[in-house]
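**Student:** Sequence:
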Amino acid sequence: MKKIMVFLLLMFFLAGCSKKDSLNVKNEFVNMVNHTKSYKLVGKMELIGDEETFNYTIDVSYLEKDYYKVEMVNTTNEHKQIILKNDDGLYVVTPSLNKSFKFESTWPDNSSQAYILASLVKDIEKDTESTVNANNDGYIIQNKVNYPNNDDLKYQKIYLDNKLNIQKVEVYGDADLPKIKVVFEDVDLKAGLKPKEFELSNFVTSNECSEENCKTEQTLSKIESAIYPLYMPANTYLSSSEVITTEDDSRVILTFSGERNFVIVEENASINESHEVIPVYGEPLMLNDTIAALSNNSMYWTSNSIDYYIVSDDLSVSEMVFIASSLGNAQATIAPK
499 MKKIMVFLLL
509 MFFLAGCSKK
519 DSLNVKNEFV
529 NMVNHTKSYK
539 LVGKMELIGD
549 EETFNYTIDV
559 SYLEKDYYKV
569 EMVNTTNEHK
579 QIILKNDDGL
589 YVVTPSLNKS
599 FKFESTWPDN
609 SSQAYILASL
619 VKDIEKDTES
629 TVNANNDGYI
639 IQNKVNYPNN
649 DDLKYQKIYL
659 DNKLNIQKVE
669 VYGDADLPKI
679 KVVFEDVDLK
689 AGLKPKEFEL
699 SNFVTSNECS
709 EENCKTEQTL
719 SKIESAIYPL
729 YMPANTYLSS
739 SEVITTEDDS
749 RVILTFSGER
759 NFVIVEENAS
769 INESHEVIPV
779 YGEPLMLNDT
789 IAALSNNSMY
799 WTSNSIDYYI
809 VSDDLSVSEM
819 VFIASSLGNA
829 QATIAPK
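To convert a position in the sequence shown, counted from 1, into the working numbering, add 498.
Keep in mind that the hints were calculated from the coordinates and are not lab data.
For lysine-lysine, the following DSS-like pairs were computed, each having C-alpha atoms within a straight-line distance of at most 30 Å:
id : residue 1 : residue 2
1  : LYS652    : LYS642
2  : LYS642    : LYS538
3  : LYS661    : LYS538
4  : LYS563    : LYS661
5  : LYS583    : LYS535
6  : LYS694    : LYS597
7  : LYS642    : LYS583
8  : LYS655    : LYS688
9  : LYS583    : LYS542
10 : LYS578    : LYS563
11 : LYS583    : LYS652
12 : LYS624    : LYS666
13 : LYS578    : LYS538
14 : LYS679    : LYS600
15 : LYS666    : LYS694
16 : LYS666    : LYS692
17 : LYS563    : LYS694
18 : LYS688    : LYS600
19 : LYS578    : LYS688
20 : LYS578    : LYS655
21 : LYS600    : LYS578
22 : LYS679    : LYS535
23 : LYS652    : LYS538
24 : LYS642    : LYS655
25 : LYS597    : LYS563
26 : LYS535    : LYS624
27 : LYS620    : LYS652
28 : LYS692    : LYS563
29 : LYS538    : LYS518
30 : LYS655    : LYS583
31 : LYS542    : LYS597
32 : LYS661    : LYS535
Pairwise CB distance ranges, derived in the manner of DEER restraints:
id : residue 1 : residue 2 : range
33 : LYS688    : ASP811    : 46 to 56 Å
34 : TYR735    : GLU550    : 24 to 34 Å
35 : LEU521    : SER793    : 38 to 48 Å
36 : ASP672    : SER755    : 23 to 33 Å
Computed from a predicted model, the values in this text were never measured in an experiment. Even for Gly, the Cβ is constructed at its ideal location relative to N, Cα and C.
The whole structure should be built from the sequences, with the hints applied where relevant.
**Tutor:** Okay, structure coming up:
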């Protein structure tokens, strides 16, 4: 009888130490995130394209009442941008240019975000068919994602350790290949952050100069030649190319005609002496090597010291994104039709 009791107690103990079931894993992770008042995540992010991978360091801060600060640094060119959300609104700050875009946006609620815990929780709760698999290190939650401006992104895998601490996130495309990888190297769910750490003034600089020798902006470089998109919508062609050059600046205007009419403007990026805030009625959008400002019929971004601007009443958002991404890949001449 004693042996049977010992056996039953041992089985009960082992059952208690076994892996959690799928529902418990999801519920406990969701509850842990929802009860977090302030957190800080540090890690690395990869954006995996067909031809090239773009690497970032990321530093994510959150404070209850919807305060966010996401610092991203492109490891190739050290280009730093900050997504900042506070009581005043949503900003994308480029410190090197002393410039910000201010958005009328519901970010991060309007799209999946692999580095925002609330976004991961929202994706888990929304997908009634999400699954949980256990491995030696912990658990893997798999669920659908929502990237309105990138139809290729279909689902993600969220990796948790045995204590349900987040380790990494992988977002997969149509061919079941990872397109985004985020690895968290340091996770602090009790960061004790304060509202003042989310103020725009923390990233604003003012370059003083004398009254006699003061330029409003400092040009970083000059465009040597036009940069043409490698992606072109069907039945659309380059109809004109104009280069405007001054002593301090240069600008390229490319006009494309056909079934999808659009214009691309390229000009030298400049450093503002006083911080400039540009209102945008749209969304921040992650391109390969930078964060762009996207509206219904236009897109603006800075890459490798060049400002790009696309405007069109004919292009879909996906087409604008494809064109913008192809501009950053290479310089290639497209002969007019």
